[in-house]
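Taken in order, these protein sequences are the chains called S and W.
Using our numbering, the letters of the first sequence map in sequence onto residues 1 to 119.
Using our numbering, the letters of the second sequence map in sequence onto residues 1 to 87.
No lab work stands behind these hints: they were computed from the structure.
Hints may be right or wrong, so weigh each one.
Below, computed lysine-lysine pairings styled on DSS-like, alpha-carbon distance capped at 25 Å [to be verified]:
hint: 1; chain 1: S; residue 1: Lys24; chain 2: S; residue 2: Lys76
hint: 2; chain 1: W; residue 1: Lys44; chain 2: W; residue 2: Lys12
hint: 3; chain 1: W; residue 1: Lys70; chain 2: W; residue 2: Lys12
hint: 4; chain 1: W; residue 1: Lys70; chain 2: S; residue 2: Lys62
hint: 5; chain 1: S; residue 1: Lys62; chain 2: W; residue 2: Lys44
hint: 6; chain 1: S; residue 1: Lys76; chain 2: S; residue 2: Lys62
hint: 7; chain 1: W; residue 1: Lys70; chain 2: S; residue 2: Lys8
hint: 8; chain 1: S; residue 1: Lys8; chain 2: S; residue 2: Lys62
hint: 9; chain 1: S; residue 1: Lys24; chain 2: S; residue 2: Lys8
Only a predicted model underlies this, so the values are computations on that prediction, with no experimental measurement involved.
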Amino acid sequence: MSAQDQIKEIVTTNDVVLFMKGTKTMPQCGFSSRVAGVLNFMGVEYSDINVLADDEIRQGIKDYSDWPTIPQLYVKGEFVGGCDIITEMTLSGELDTMLEENGVAFDKEAADKIREANA
Amino acid sequence: MSLEQQISEALKQSFAPSHLDVINESHLHAGHDGDDGSGESHWKVVIVSDQFSGLTRIAKHRAVHAALGKDILNRIHALSLDIQSDA
Numbered sequence: 001m002s003a004q005d006q007i008k009e010i011v012t013t014n015d016v017v018l019f020m021k022g023t024k025t026m027p028q029c030g031f032s033s034r035v036a037g038v039l040n041f042m043g044v045e046y047s048d049i050n051v052l053a054d055d056e057i058r059q060g061i062k063d064y065s066d067w068p069t070i071p072q073l074y075v076k077g078e079f080v081g082g083c084d085i086i087t088e089m090t091l092s093g094e095l096d097t098m099l100e101e102n103g104v105a106f107d108k109e110a111a112d113k114i115r116e117a118n119a
Numbered sequence: 001m002s003l004e005q006q007i008s009e010a011l012k013q014s015f016a017p018s019h020l021d022v023i024n025e026s027h028l029h030a031g032h033d034g035d036d037g038s039g040e041s042h043w044k045v046v047i048v049s050d051q052f053s054g055l056t057r058i059a060k061h062r063a064v065h066a067a068l069g070k071d072i073l074n075r076i077h078a079l080s081l082d083i084q085s086d087a
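Okay, chain S solo, but in the shape it has when bound:
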């Protein structure tokens, strides 16, 4: 299977997927760490794909989304954004709305706590 087919299968068979450097429990890059940290804290169930473990996926995910950086978050097969966008959406509440619209469970109180801490 080509990297593009593999990625398509991953993002369409998992509701929430984070392509990142390292893993959700051991991130290896500050930007990946920040997005994983938000999802972990909000109690979102998601699959973490460590791009450092596979060079074809590492390049392939950039081609798939035409997006030059990692991390990359996908919800229901749709590319949502990277670290800057997820951070902005978390603080503005747009991330909550997007997760709700897609039927993805999360801890609203935890999300509010992030916003209070960064107000």
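Chain S is fixed; fit chain W onto it per the hints.
What follows is chain W alone, placed relative to chain S:
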């Protein structure tokens, strides 16, 4: 022309920004993943232009990526973007 100037020029030409900061944050990442020793690996850009008006977050980022071009993007490891519209 330094990389900082190249980034700055590309963004000025494309967006005629009312505010633009191109900040080299490479020193914050010295010795970490992606530090290639060039001192030009990690960048932060703050840009304000009315040309971003009405664009989604992803579209704004894509516009900046396109303006920088593959040549610049391939030379840097990380790019943090704060993109705002003043329209």
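These are the hints, each one checked on the structure:
About 19 Å separates the Cα atoms of lysine 24 of chain S and lysine 76 of chain S, which keeps this hinted pair within 25 Å; it holds. Proposed proximity of lysine 44 of chain W and lysine 12 of chain W is supported: the alpha carbons are some 15 Å apart, at most 25 Å. Pair hint lysine 70 of chain W plus lysine 12 of chain W holds up; C-alpha atoms about 17 Å apart against a cutoff of 25 Å. Taking the CA atoms of lysine 70 of chain W and lysine 62 of chain S, the gap is near 12 Å; set against the 25 Å cutoff, the hint holds.
Between lysine 62 of chain S and lysine 44 of chain W, the direct Cα distance comes to roughly 20 Å. Compliance with the 25 Å bound is thereby established for this hinted pair. Taking the CA atoms of lysine 76 of chain S and lysine 62 of chain S, the gap is about 18 Å. The hint holds against a cut of 25 Å. Taken as a hint, the lysine 70 of chain W and lysine 8 of chain S pair is honoured in the structure, with Cα atoms around 24 Å apart against an allowance of 25 Å. Straight-line distance between C-alpha atoms of lysine 8 of chain S and lysine 62 of chain S comes to about 13 Å, which keeps the hinted pair within the 25 Å bound.
Proposed proximity of lysine 24 of chain S and lysine 8 of chain S is supported: the alpha carbons are some 21 Å apart, at most 25 Å.
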